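Given the coordinates of chain A, work out where chain B should sit on it, guided by the hints.
Note that the protein sequences, when read in sequence, are chains A and B.
Quick note on numbering that gives the first Met the number 0: the first sequence kicks off at 0 and runs consecutively.
Quick note on numbering that gives the first Met the number 0: the second sequence kicks off at 0 and runs consecutively.
Hints in this document: simulated from the structure, not taken from any laboratory.
If you're wondering where the values come from, they're calculated on a predicted model, not measured in any experiment.
In this text, a Cβ means the ideal position worked out from N, Cα and C, and glycines have one as well.
Please note: incorrect hints may appear among the correct ones.
DSSO-like, lysine-lysine: derived pairs with alpha carbons at most 30 Å apart [what the hints assert, rightly or not]:
(1) Lys-57/B <-> Lys-289/A
(2) Lys-62/B <-> Lys-139/A
(3) Lys-383/A <-> Lys-411/A
(4) Lys-84/A <-> Lys-91/B
(5) Lys-309/A <-> Lys-353/A
(6) Lys-86/B <-> Lys-164/A
(7) Lys-253/A <-> Lys-196/B
(8) Lys-74/A <-> Lys-57/B
(9) Lys-253/A <-> Lys-91/B
(10) Lys-196/B <-> Lys-428/A
(11) Lys-196/B <-> Lys-76/A
(12) Lys-289/A <-> Lys-300/A
(13) Lys-245/B <-> Lys-269/A
(14) Lys-153/B <-> Lys-196/B
(15) Lys-164/A <-> Lys-253/A
(16) Lys-250/A <-> Lys-86/B
(17) Lys-57/B <-> Lys-385/A
(18) Lys-196/B <-> Lys-250/A
(19) Lys-293/A <-> Lys-245/B
(20) Lys-399/A <-> Lys-352/A
(21) Lys-289/A <-> Lys-62/B
(22) Lys-196/B <-> Lys-126/A
(23) Lys-62/B <-> Lys-216/B
(24) Lys-250/A <-> Lys-57/B
(25) Lys-323/A <-> Lys-76/A
(26) Lys-383/A <-> Lys-57/A
(27) Lys-86/B <-> Lys-293/A
(28) Lys-253/A <-> Lys-323/A
Over 10 Å on every C-beta distance to chain B, these chain A residues come out as not near it, computed from the model [what the hints assert, rightly or not]:
(29) Thr-132
(30) Asn-134
(31) Lys-353
Partial pick of chain B residues on the chain A-facing surface, computed with a CB cut under 10 Å [stated by the list, open to error]:
(32) Leu-55
(33) Thr-60
(34) Arg-65
(35) Met-147
(36) Ser-224
(37) Ile-232
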Amino acid sequence: MKLKESVVAIRKISQVALLGMGMMTLPLANADESSCSPFTPLVKGQEDFVYVWTLGVKGIGDESDKLVTVDVNPKSKAYGKVIAKTSVGGRGEAHHMGFTDDRKFMWAGALDSNKIFIFDVATNPAKPKLVKTINNFVPKTGLVGPHTFYATPGRMVVAALSNAKDHGGQTGLAVYTNAGEYVATYPMPTTNGGDGFGYDVAINPNKNAMLTTAFTGWNNYMADLGKLVKDPEAMKQFGNTTVMWDYKSMKPLKIFNTPGAALEARWSFKPGDNWAVTTTALTSNIFVYKQDDKGEWQQHKVGTIGDPAKIPLPVDIALIPDGKGMWINTFMDGTTRFWDMTDPLNPKETYTKKIGSQVNMVSPSFDGTRVYYTTSLLGNWDMKGKADEQFLKMYHWDGKELKPGFEIDFYKEKLGRAHHMKFQVRDLKTLQPLQATVESKTKVASN
Amino acid sequence: MWLPSRFVFILAVSLLGLATFSSVWFLAGCGEIFSPNDQTESFFHETTNAKPGSGLPKPGTYKLERIFQVPAYQVLDSKGEVQSLSKYTQGKLTLLTFFYQRCSDVNGCPYAIGVFHSVKDKLEKHKMSQAVRLVNISFDPERDTPVMMAGLEKQMKGTSQPENRVEWNFVTTPSVNHLLPLIDAFGQNVDIELDPKTGDQTLTYQHVLKVFLIDEKGSVREIYSTSYLDAEILLNDIKTLLLEQKDILN
Numbered sequence: 000m001k002l003k004e005s006v007v008a009i010r011k012i013s014q015v016a017l018l019g020m021g022m023m024t025l026p027l028a029n030a031d032e033s034s035c036s037p038f039t040p041l042v043k044g045q046e047d048f049v050y051v052w053t054l055g056v057k058g059i060g061d062e063s064d065k066l067v068t069v070d071v072n073p074k075s076k077a078y079g080k081v082i083a084k085t086s087v088g089g090r091g092e093a094h095h096m097g098f099t100d101d102r103k104f105m106w107a108g109a110l111d112s113n114k115i116f117i118f119d120v121a122t123n124p125a126k127p128k129l130v131k132t133i134n135n136f137v138p139k140t141g142l143v144g145p146h147t148f149y150a151t152p153g154r155m156v157v158a159a160l161s162n163a164k165d166h167g168g169q170t171g172l173a174v175y176t177n178a179g180e181y182v183a184t185y186p187m188p189t190t191n192g193g194d195g196f197g198y199d200v201a202i203n204p205n206k207n208a209m210l211t212t213a214f215t216g217w218n219n220y221m222a223d224l225g226k227l228v229k230d231p232e233a234m235k236q237f238g239n240t241t242v243m244w245d246y247k248s249m250k251p252l253k254i255f256n257t258p259g260a261a262l263e264a265r266w267s268f269k270p271g272d273n274w275a276v277t278t279t280a281l282t283s284n285i286f287v288y289k290q291d292d293k294g295e296w297q298q299h300k301v302g303t304i305g306d307p308a309k310i311p312l313p314v315d316i317a318l319i320p321d322g323k324g325m326w327i328n329t330f331m332d333g334t335t336r337f338w339d340m341t342d343p344l345n346p347k348e349t350y351t352k353k354i355g356s357q358v359n360m361v362s363p364s365f366d367g368t369r370v371y372y373t374t375s376l377l378g379n380w381d382m383k384g385k386a387d388e389q390f391l392k393m394y395h396w397d398g399k400e401l402k403p404g405f406e407i408d409f410y411k412e413k414l415g416r417a418h419h420m421k422f423q424v425r426d427l428k429t430l431q432p433l434q435a436t437v438e439s440k441t442k443v444a445s446n
Numbered sequence: 000m001w002l003p004s005r006f007v008f009i010l011a012v013s014l015l016g017l018a019t020f021s022s023v024w025f026l027a028g029c030g031e032i033f034s035p036n037d038q039t040e041s042f043f044h045e046t047t048n049a050k051p052g053s054g055l056p057k058p059g060t061y062k063l064e065r066i067f068q069v070p071a072y073q074v075l076d077s078k079g080e081v082q083s084l085s086k087y088t089q090g091k092l093t094l095l096t097f098f099y100q101r102c103s104d105v106n107g108c109p110y111a112i113g114v115f116h117s118v119k120d121k122l123e124k125h126k127m128s129q130a131v132r133l134v135n136i137s138f139d140p141e142r143d144t145p146v147m148m149a150g151l152e153k154q155m156k157g158t159s160q161p162e163n164r165v166e167w168n169f170v171t172t173p174s175v176n177h178l179l180p181l182i183d184a185f186g187q188n189v190d191i192e193l194d195p196k197t198g199d200q201t202l203t204y205q206h207v208l209k210v211f212l213i214d215e216k217g218s219v220r221e222i223y224s225t226s227y228l229d230a231e232i233l234l235n236d237i238k239t240l241l242l243e244q245k246d247i248l249n
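Excised from the complex, chain B in its bound form:
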């Protein structure tokens, strides 16, 4: 089963509190307006048990630099249609990672998917589902076909209502040749291994997994590697970028 039981553990991690923050009214992405309500305010109000110097800084008290702009590329959506990558990296905050469905390392792709689930649950709990999208791009275009991507999208929907569901896209590419410049652009290393007897690809894509936090204009603002990937850190940075949007719009 691809979704391991550790998702329960990850969910528990994600439910830990976050930094205290003053009451916030804000706008986010694509002109979508979030009216303040109990849930959204509590998203920013939740406190953390992290002590000064041993945990995270308060959201909005620090700046995430613009590291690089996501370049223009094309991908295949879960219907097999060609789409501009910008469809998935602009207009709202995006958490993006590369993966392949057969990855079975509990500290690799499945762990990142689990962290995404934690972020998704938190956002939906606080009616913040329109603020962030999640995107997985496959390393393995041969096996991770659009049909497979559609299956994963369906699997990830969970039990939330459609109107309060975080957008979670699984996309792929037509071939490895299409994929390579894309992962080069993100600086996502991967070793595609070949069987020395046949010259065929094996099903192993060894990589140091990274997650990219992208702002609504398509600029990468933070990069996380799997060894220190944590839902609480992602949510803290998401809040910081949402508060930055609010400051700009005010």
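Bound conformation, chain A alone:
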């Protein structure tokens, strides 16, 4: 499927029962599916595949960054096995990825080469195909380190980490069409308390609000972690702000002081919730964002993760479907932590489990009963020697205990470092929008 010729798929269906039905009316969703954009249809049932954006490692396999497809449907004969590998040729610090608004294409970025790879994940979801590579991200945008790929209607927002002038932390957001054409760049604010740093982006369309977080520039994220932490000047070059934006105008509404590099940004999409959450890597705090009675966004420091003095390094987070719980991974101790978010302003840690010597990403299924983990943070930040475990692990979650499902050793399989995960289904007709009822559409008007 070519990128420009792919929007139409002619597909056989099993019966003619759909005659006259048109599009199906879909139920109101309660939450996001891990970190997907609210504009992207979701996998609300059993996921068939997990894609793992994997960093190539010298001396392992073909040494290239690659998109690895794992069959995760328990009814499949290939359950728990790698069924496809799509190498992109070379190593560029593979990091995060995101679906387009129709979930037919996956954009995957490389933080060092600054390449953006676009995979067709609809024609044959079991075997993604690289259909386009954006090679001119830096000259087009002035930015470096394409990190987050977030769908909006017909477009992708790309949140970067750095810039082309000094490879420091000043950065911004770039917007592309789904076809990969550049549209615009929006710098992170550097006035009114803004420090210009960036990392993640998350949008709440019902509130016309967009939250961005702040990490560090190329000079730091490509440095060896052991050397970096001993360099006091370099350690000052981490973001200490988060920004709530007016999504429509792409203008900052309010800049918050959020010390210690806030990473992942997530909204609870449970109807009526309208709060967002992030965690800080260096200070181990949880921050929640809610509007006050006057409609102004406020930041609340609501919790501390582990012992901040030991710098457990909170990394990925994932809200569960009803917005009442959140998984938080701490990289340095390889531990996953479940926090009860029933009262988001007073969350409580209720469960911990060591997943491995290091752990980075966590992705729960939409119903929350399956939880997937991967290991790699950054090529030069991962553990060394035996502690450098690289795996995909799946667990069953019954609300009390994580029980092992399957595990794939990414070094043993000669794949590389396992980083970002996304789910996909074999039949894209089964995808469902996050918000589908007419009643929900009144929210902007009634706010």
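For chain B alone, coordinates are given in the frame of chain A:
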């Protein structure tokens, strides 16, 4: 009945107020001059109850980027005559969406038609009918023939006077082969499903419905998907583009 009762609900949504704005005299599209009058001024004056950060920014305070240029294609009008698509996408602001008449998903095509009705009513109420056109292009050229399109155009006219009626065009294409490059150009995904027994098309066109706001020069300036489509948002963006025209012409 194709027009569901929820249109009443949508109309109610559309009647909610919009952002306060200073008195505006402006020009729009094709050299058509809007003389200021009570109705047009009130179009920009109406206030919104949205709070800062929880609703929409004021019209004219933000920029809508040029996302892509509508490419040159040909379509069939409701008389069955071949027309350049630019006839329907240039000269004034355009709200365009793809649809098919048999679509029965209340959150799909009918919902978008309902939102278009709300926009139409608002524009006509404020004597702004010449500022914007509405365009529906069919996914289903086999069944949505020019005759069917003519029927829909007639149905959508409503009770407004001809001189104060928003132009609403329903167009189709000669065949699926003509249609495919057009919807590709817009990035409008659709799955056309086939009956495995006969190989024939079913009547289902599964798609994530999108609405495109196009400026008077044929440039797409905003894209909306149905899950978050709202008449108030469309009107806000329409005002912003009208104010942009005014700024350019001044």
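Exercise. Going through the earlier hints one by one, which of them does the structure break, listed in rising order?
Worked result: Structure breaks hints 4, 6, 7, 8, 9, 13, 14, 16, 17, 18, 19, 25, 27, 35.
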